[in-house]
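K.L.:
Sequence positions in the sequence shown follow the working numbering and run 1 to 307.
What the hints contain is simulated information worked out from the structure, not anything from laboratory work. Among the clues, some could well be false.
Computed list of lysine-lysine pairs in DSS-like fashion (alpha-carbon distance at most 25 angstroms, straight line) [unchecked claim]:
1. 152 <-> 163
2. 149 <-> 36
3. 294 <-> 152
4. 163 <-> 298
5. 9 <-> 152
6. 300 <-> 163
7. 152 <-> 298
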Amino acid sequence: MRVKKESLKYRFFNPSLFTIVVVYIATIILVAISIKNAIASDTSASAIVVYVLSFIILPYAIYLGVRLYPHVKERIIRFIKMSDTLSLMLDNYGYRTIVFTFFSFAATVIFVLYNIALAFIFHVGWYGALAGYYTFLSILSAHNLIRFKDSKYSQSSLIISLKTYRNDGILLCIAIAFIEVIIILVVSQGKSFSTTNMTMAVYVTALYAFIKMAISIANFVKARKQHDYIIRAIKNTNLAAALVSIFALQTSMLKQYAPEDAVRYVTIWNSATGGVVCAIILAIGIFMIVIGQKELNKFKIPKPKKQ
């Protein structure tokens, strides 16, 4: 039996664009409030209502996302192929990576300025250290873009790529110093600084962290199949930035919403997460150094043996 288009069931599974937008806005708001209430251990009647509504609407939002993804992807591809430049970006992974890296660089610069502002407004030192870390990675990204351009006009493009890849690994290891400063500031400051009116800061950090992490993980897997080592270096650098953004999000949320009597546990969680992030970034950096140098050694001309 076919379902009539006017029926409630049909409208539920095939909602209008307006309904979809409303559902996603409601989902974001309800999930954000639920996370806030969960961290604050809020069990009031209003919090329970929010939990229930989130539990109901989140699966529906996921269903809509899965259902709409093929249609949205098809329309985007059709639009992109109308332009020769955009079509090249679609078909060429390396070119696409460089374009997205440029926009990612711009977004990171904005995020740096945002963290500097938070450091001055709320007098929170670790926001300043976070801004320093992202400034360091922004410079690294800009350098990679320049080296990628140079490699395309050089006969030694592979050597340039390998040196860039190895050097980025060295710089990632150095960047851990910024993370250690952040961890020290977070642990030493504890709950001593004011967190009033920082809710919006938490939401902005969450948005940046989740988008950055999702894109970085997907690209990190794809980059392993690429032969251009600068592309690999860019993806690894983005992953390092995403990992620290997750740590920053956790720190912000715990500082903002954790109960006053849970300071000890907050310190433990922040120290543990910061340590894991440092270990992963260090492992990535060492891997890049070892692989880059190993491949570069193949180009060295062996010295003739003395008679």
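K.L.:
Taking 25 angstroms as the top limit, are the C-alpha atoms of residue 294 and residue 152 close enough?
P.N.:
holds (22 angstroms)
K.L.:
Does the structure keep residue 149 and residue 36 at a Cα separation of 25 angstroms or less?
P.N.:
violated (45 angstroms)
K.L.:
Please verify whether residue 163 and residue 298 have alpha carbons no more than 25 angstroms apart.
P.N.:
Answer holds: residue 163 to residue 298 is near 13 angstroms, not above 25 angstroms.
K.L.:
Straight-line Cα separation of residue 152 and residue 298 no greater than 25 angstroms?
P.N.:
holds (21 angstroms)
K.L.:
Please work out if residue 9 and residue 152 have their alpha carbons no farther apart than 25 angstroms.
P.N.:
Given pair residue 9, residue 152 is violated - Cα atoms ~56 angstroms apart, limit 25 angstroms.
K.L.:
Hey, residue 300 versus residue 163, does the alpha-carbon distance stay inside 25 angstroms?
P.N.:
holds (13 angstroms)
K.L.:
Residue 152 and residue 163 were given as a pair; does the straight-line alpha-carbon distance stay at or below 25 angstroms?
P.N.:
holds (14 angstroms)
Of the numbered hints stated above, those contradicted by the structure are hints 2 and 5, listed in ascending order.
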